[in-house]
Amino acid sequence: MELDDLYRRVIMDHYKNPRNRGTLDDEALTINLNNPTCGDRITLQLQVEGGVVKQAKFTGEGCSISMSSASMMTEAVKGKTTEEALALAEKFSSLVKGETAEFDELEDIEALSGVTKFPARIKCATLSWNALRKGIELQQQQ
Amino acid sequence: MNVQAIREQFPILHQNVNGHPLVYLDSAASSQKPRSVIDAVSRFYEHDNANVHRGVHTLGSRATDAYEGAREKTAKFLNAASPQEIIFTRGTTTALNLVASSYARAVCGEGDEIVITQMEHHSNLIPWQQAAKATGATLKYIPLQKDGSIRLADVEATVTDRTKLVSVMYVSNVLGVVNPIKEITAIAHKHGAKMVVDGAQSTPHMKVDVRDLDCDFYAFSGHKMCAPTGIGALYGKKALLEAMEPVEFGGEMIDHVDLYDSTWKELPWKFEGGTPIIAGAVGLGAAIDFLNEIGLDEIERHEHKLAAYAYDRLSTIEGISIFGPVENRAGLVTFNLNDVHPHDVATVLDTKGIAIRAGHHCCQPLMRYLNVSSTARASFYLYNTEEDVDRLIDGLHQTKEFFGYGIG
Chain A
1 MELDDLYRRV
11 IMDHYKNPRN
21 RGTLDDEALT
31 INLNNPTCGD
41 RITLQLQVEG
51 GVVKQAKFTG
61 EGCSISMSSA
71 SMMTEAVKGK
81 TTEEALALAE
91 KFSSLVKGET
101 AEFDELEDIE
111 ALSGVTKFPA
121 RIKCATLSWN
131 ALRKGIELQQ
141 QQ
Chain B
1 MNVQAIREQF
11 PILHQNVNGH
21 PLVYLDSAAS
31 SQKPRSVIDA
41 VSRFYEHDNA
51 NVHRGVHTLG
61 SRATDAYEGA
71 REKTAKFLNA
81 ASPQEIIFTR
91 GTTTALNLVA
101 SSYARAVCGE
111 GDEIVITQME
121 HHSNLIPWQQ
131 AAKATGATLK
141 YIPLQKDGSI
151 RLADVEATVT
161 DRTKLVSVMY
171 VSNVLGVVNP
181 IKEITAIAHK
191 HGAKMVVDGA
201 QSTPHMKVDV
211 RDLDCDFYAF
221 SGHKMCAPTG
231 IGALYGKKAL
241 LEAMEPVEFG
251 GEMIDHVDLY
261 DSTWKELPWK
271 FEGGTPIIAG
281 AVGLGAAIDF
291 LNEIGLDEIE
301 RHEHKLAAYA
311 YDRLSTIEGI
321 SIFGPVENRA
331 GLVTFNLNDV
341 HPHDVATVLD
351 TKGIAIRAGH
361 HCCQPLMRYL
371 NVSSTARASF
381 YLYNTEEDVD
391 RLIDGLHQTK
401 EFFGYGIG
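Taken in sequence, the protein lines are chains A and B.
If you read the first sequence in the UniProt record's numbering, its first letter stands for residue 1, the second for the next number, and so on.
If you read the second sequence in the UniProt record's numbering, its first letter stands for residue 1, the second for the next number, and so on.
In short, the hints are calculated from the structure, not lab data.
In this text, all values refer to a predicted model and were calculated from it rather than measured experimentally.
Check before you lean on any hint, since a few could be wrong.
Listed below are the simulated DSSO-like cross-link pairs for lysine-lysine, each with C-alpha atoms no more than 30 Å apart in a straight line [said to hold, decoys possible]:
| # | chain 1 | residue 1 | chain 2 | residue 2 |
| --- | --- | --- | --- | --- |
| 1 | B | Lys133 | B | Lys76 |
| 2 | B | Lys265 | B | Lys305 |
| 3 | A | Lys91 | A | Lys117 |
| 4 | B | Lys182 | A | Lys16 |
| 5 | A | Lys16 | A | Lys97 |
| 6 | A | Lys91 | A | Lys80 |
| 7 | A | Lys117 | B | Lys352 |
| 8 | A | Lys54 | A | Lys16 |
| 9 | A | Lys123 | B | Lys352 |
| 10 | B | Lys305 | B | Lys76 |
| 11 | A | Lys97 | B | Lys352 |
| 12 | A | Lys57 | A | Lys16 |
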């Protein structure tokens, strides 16, 4: 088990220079999610128009894995339809379970496949994606 | 105290984790088990296992003797007046819930108060929140000092004649602070309130004398003191326990059952509905023997020395914050490294075979008080050594290096 398997350069880059960190206006879809076992928390905001995710921003606190994952997720879903975004969430889930190692839509995300070797950290990686799913489900109910 | 000889008795410590000899610094979460405890549980299952208090047969008697023998040991260990004052539970959480569900709900009403602190573990906080909600009582908090300690003047100022219960942890699982329980108990009693003590972090590490403390209830878990998981106990003063209603009903706890009414067994069995945790209690008895043989005072001295050593060495690391008071701390150190999240610290250390805890330690209100979302914690027990601390320090330097320069 090597640290570099988990903490790849691209992950640290997203951690130290997060993309889409910030807030959208109050009308945006807002999802608060935390990880009760470790205290990580994220507030994800989505601006969805005509079934397309126009903007995605997040704030929160957490480890390098959860925060870099949020940064990558928001990058990956911008411009996608909600169905495509949900499909990406599915695909991400396969990635961290070790069922696939590829993520063509945003190659950076492939770096997170390292968490398969660190089972305790999988929930860190999936936090923001769970917020995304929850947000889209909420939006579809509206 | 011969730590090397003690280590020999803990089979689990002698292994490599991720290619390095294991350094276990998470005993505040759960301790490891010595050979004598593991053997006592196996022996019970291999020779004496049967249900208790029922069988006329020989195994039934042996199992009952073993179970009740463990209760006697536990009573002596805490210096309770009688084994009747020891209720076996699943652990500290269940024990505190028993007091909150039975005693608190019976005595609290509108306008009454339950007093706790913001350093409490969730299991000594939520049961009181729930009891307060159910009874209309007010939940009040004794304010904390900056370093997390409690001043008796603040206890005096918080507890009033409307206070029915005061519940405080003896030793903080985050701050390592040892609270002045005896003095707090005296203040509670002056106002006619009962004193509950969360002993999860004290019982494994120091001599506890419930009669000297004069507390009314005292809860602890076996698994943090070398015993198996799933066993713990509630101590309560006999008169209080006798007046309390059971919260679990069923087999084992009854005296006489009619179609529409039933009566309960005498203490302590009226609180132990269902087949109890027999082998767990046997393991707890063996753990008490093990700890007594070494001596709780010796163990406490050893851990305080280690914690002080760890505190000093950690203090030399640039960019570290250490939580809790400098003096009078129990055997654990909670800290954060600047710019490295505690999970990342714990993962890096894990790859070096070092087990620490990272997270909120079941103390979300305390984390908010400390203004952090989570922390890292190294906790020590009788089997830890200065070399373990040195490995931790090396690991933390490597963590800093890795996150600072390792990847850029």
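Could you check the structure against the hints above and give me the numbers of any it violates, in ascending order? 1, 2, 4
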